[in-house]
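J.: Sequence:
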Amino acid sequence: MNIRNVTFLAVTLILFGFAISPLGTSFNGFNRDSYIISHLSIELLSIFVFASCVVIVLQPLHKAQSYYTNTIIIGFTAVALLDFIHAISYAGMPNFLSESSTPKSIFFWLAARYIELITFILIAVKVRLRGTKALWALMGLLVSLVVMYVGSYYLPLFPETFVPGVGVTSFKKNCEYLLFLGNALLTGWFLVQYYRTRLSQHLLFAASAYSMALCSLSLTGYVAASDMSLFVGHILKITSALLIYKSIFWTELEKPYNQLHMAEMRSARNERELDTILSNLPIGVIRFDPSFDYRYINRFMADFSDTMQGSLPDAHIPNNFLADFGDSCRQDMALAFTGQAIEFEHCVIKPDGTTAYCMVKAVPEQQADGRIDSVLCLVSDITTKVVAENEKRLAMKEMEELRTALDEHAIVAFTDAKGVITSVNDKFCSISGYSRQELIGKTHRVINSGYHAPAFFKEMWQTISRGQFWHGEVCNRAKEGSLYWVSTTIVPFVGEQGKILQYIAIRADITEQKLAEQEAKRLALFDDLTGLPNRRFLQEKIGELCSAKAGVSFHALMLLDLDNFKDINDSFGHGIGDDLLKQVAHRIQQFTNSAVNCARLGGDEFVLLLTELGESQAQTLGYLLQMAQNICTFLAEPYQLSGKLVRTSASIGVSIFSNDVESPSEILKQADIALYQSKANGRNCVTFFDPVLQRAMDRRNETLRELKTAIERDELSLHYQPVVNANNRIKGVEALVRWHSPSLGPISPEVFIPLAEESTLILDIGQWVLSTACKQIHDWRSHPTRKHWVVAVNVSAKQLQRENFVASVVATVNQYAISPASLQLEITESMLQDDIKNTTLAMAELKALGIRFSLDDFGTGYSSLNYLTKLPINTLKIDRSFVDRMLQSPEDASVVKTILSLASSLGLDVVAEGVETEAQFMFLKQQHCPHFQGYLFSKPVSPEHLPEDESVAV
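Its first residue numbered 360, the sequence shown is counted upward by one per residue in the numbering used here.
One thing to keep in mind: the hints can contain errors.
[Said to hold, decoys possible] Calculated lysine to aspartate or glutamate pairs in the EDC-like style (CA-CA distance at most 16 Å, straight line):
# : residue 1 : residue 2
1 : 720       : 748
2 : 817       : 832
3 : 801       : 759
4 : 1196      : 1162
[To be verified] Estimated spans, in silico, between C-beta atoms of each pair:
# : residue 1 : residue 2 : range
5 : 516       : 728       : 47 to 55 Å
6 : 841       : 985       : 43 to 51 Å
7 : 1064      : 984       : 27 to 35 Å
8 : 1064      : 841       : 27 to 35 Å
By construction, these hints were calculated from the structure, which means they are not laboratory data. For each residue, glycine too, the CB sits at the ideal point set by N, CA and C.
Using the sequences plus the hints, can you model the full thing?
T.: In structure tokens:
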């Protein structure tokens, strides 16, 4: 701490003692007029200090802004202006905007002090205000104008600060105490910063804050302007301002000029030292302006050539000097004036014809405003270096070529003319696992893997012994037994008389590439789950058999499909399902003599390819039938999977073929047709391909193709079969879809409905049936008898399981504006086994709207009683199979009676289907069956052929 800082602190402490003494609080030594003059003089001095601080940081010399520059500008601008307004607003001063008074003056005093406190807080926490100085000066002016306006016109809105004859109010005291507390904390903060940084500016800030704290403390209890405490407070404020002057104004003003003076002294010293250094440098130094006039030239440069000798600073560079370097040099020099540092090498032809090389580095010298008014060139004679480097480059080129040949291709070995290894590189030792001592003196047989046939190496030696290079991929064996692949190039070195001197083998490790190729082949040709060949591998295998024209022999393709595999997956999970497929694959493999003769096509489909079965088709047929039955029996044995006993069976389709088959896909198609027939025959059986099956399958496929466009071509129609009561009165009808194809003729629903259910066509057909039936209900609204009929529409399982099923039904009912009670949806028991919970919710939602439900084919499924307790059913339909046999079978008759009794107890309606004879009708009436449906009353007919009245003839 220097003597000046100590002086300021001493004065502050004296004033503090004076402020808290009885003299400072009770001495009355001023009258109003003398105090006004003193007060104005003190305030003007502080205003000058704050304004000076703002002025200095606004100067161009203050380019390197401190973090507090903009803070000082906005804060001290506002403080200086508000202190000025405070001074001219005191009681006794001329009116400014509004009447001058002590409360008005106190308002501006407090505003200035709080802005000053905030300014110092921002400085203390080192907040940097971004933006230009002018902007923050304008902001300071704006703040002071706003405060001036508020204090001049809205002063009564604020609490009283002074009462004549009483003195300052408690509000004024509290404001001063708050200022005291804030400045006291700042004093501590700046002292901590001082002890951390030892910057005297922090100490001065602390002293200034301390003075302001004392100032606020001294202004808490005065009664009149004559109180000495008011005068002491202003003296403390002046002390704080002087400390600010010292810490900011004087520091910021003195520092740049001191730095300028020191810079000038250093510049002069450096210039002398630089001239001494440059004059003795073994390189040429020249500095010139855009007109190529010398600014500086050292001794080496002056003696560089005859054209430069005798050159003086500020003289123009001789034209023939630049001519020595050529036009490219002139262009490079001009480029330096664009701001780029240029370094280039030139070849100069001396007058004696010798060649000299020089390196020129041109560095642009940029001024503070960005202009480039000079360029510094360093010219060095590199003739000796260039000549040496050229010679070295030629030698290194030969070495580099040899090194490239040895190492760039990773694995290198030299052998003599007999193949004995004479040299290997590190990578050869690393990949083979052998040391140099173990390899040198040996032949490459030491790494022979046995993978290649002897003819492979024989062909290689024949090639290289003729002086030709050989390239190929070789599988070698490392010392520890692993195999690795290398892409090998062997180059023979031939002597003067054409004699082989040695060989160099250059190899690249391609093991990962080969493994990737093998893995890609495995993924392409083998099933990832079971490890069996896949469809592509199988087709290639069959293709090989078909292309082998020699001999006549029968082969067979067995296509296996697990029965009910989906149920196992759904019941036990896909993990158990995958384990089952693995065990099935293992069992199937036991029936072949080669693992590549069985394959997995996908899902639960497997294939066995049996080759060379003989020339007699009859013997082949018998052998295959026995084998297929054995496979079915073996696969039907229980599987132990994760502690669970799982049973399944397999259906098999067999195709027999010989070498004259056109394509593998044809054989697979035949086996698939036979498998489809096995599934249709009840599963767990074997079917051989027959041309009749082919024709049936072709017919099925053709039917399916035509069905896909049946709706678009308006080929479908709805027929209606009446539902009557015991009095032969029609109570409703069942809508039944019919299809007449222009190309295939009429197609039975028993044919096309199963096809539609196997695909997604049933969704479109089901929606079409629902829409057509609803439209028919709408058309019957004005009919005297039919408007009361309930129309039953069959719903498929796929329709019922769709998420938007309820929405689609509701939309269709609303579209045709029909009563929901006139529509009845028919479902079957088999449809309810997959998702009974969601099915129940969907049915309940539709029934709540008034739509009715009937359970078709009741008694033929499982858990029927359980369904009846859960589902919102209105009607049970007795399956036609019971009705057809009830008069001959007591068991079927009992079933019919039981269903009627059960329905009666549950309050359900009943419809007996398939009533075709009078005897059946009479028996059912005796059992109190309420409704009937069948050919006895009417076959399904188009709407226009339905009876006009309610009765039907029997």
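J.: Evaluate each hint against the coordinates.
T.: How the hints compare with the structure:
Proximity of residue 720 to residue 748 is assessed by CA-CA distance (about 20 Å); at most 16 Å being required, the pair is judged violated. Between the alpha carbons of residue 817 and residue 832 the distance comes to roughly 15 Å, so the proposed pair stays at or under 16 Å and holds. Proposed proximity of residue 801 and residue 759 is contradicted: the alpha carbons are some 28 Å apart, above 16 Å. Annotation: proposed proximity of residue 1196 to residue 1162 holds, straight-line Cα distance about 13 Å (limit 16 Å).
The hint said 47 to 55 Å for the Cβ distance between residue 516 and residue 728, and at roughly 53 Å that hint holds. Separation of residue 841 from residue 985 is about 46 Å and conforms to the stated range, judged on CB atoms against 43 to 51 Å. Checked against the given bound of 27 to 35 Å, the beta carbons of residue 1064 and residue 984, roughly 34 Å apart, stay inside it. Hint check: residue 1064 to residue 841, Cβ distance near 57 Å, so the stated range 27 to 35 Å is violated.
Violated hints, in rising order: 1, 3, 8; the structure is consistent with all others.
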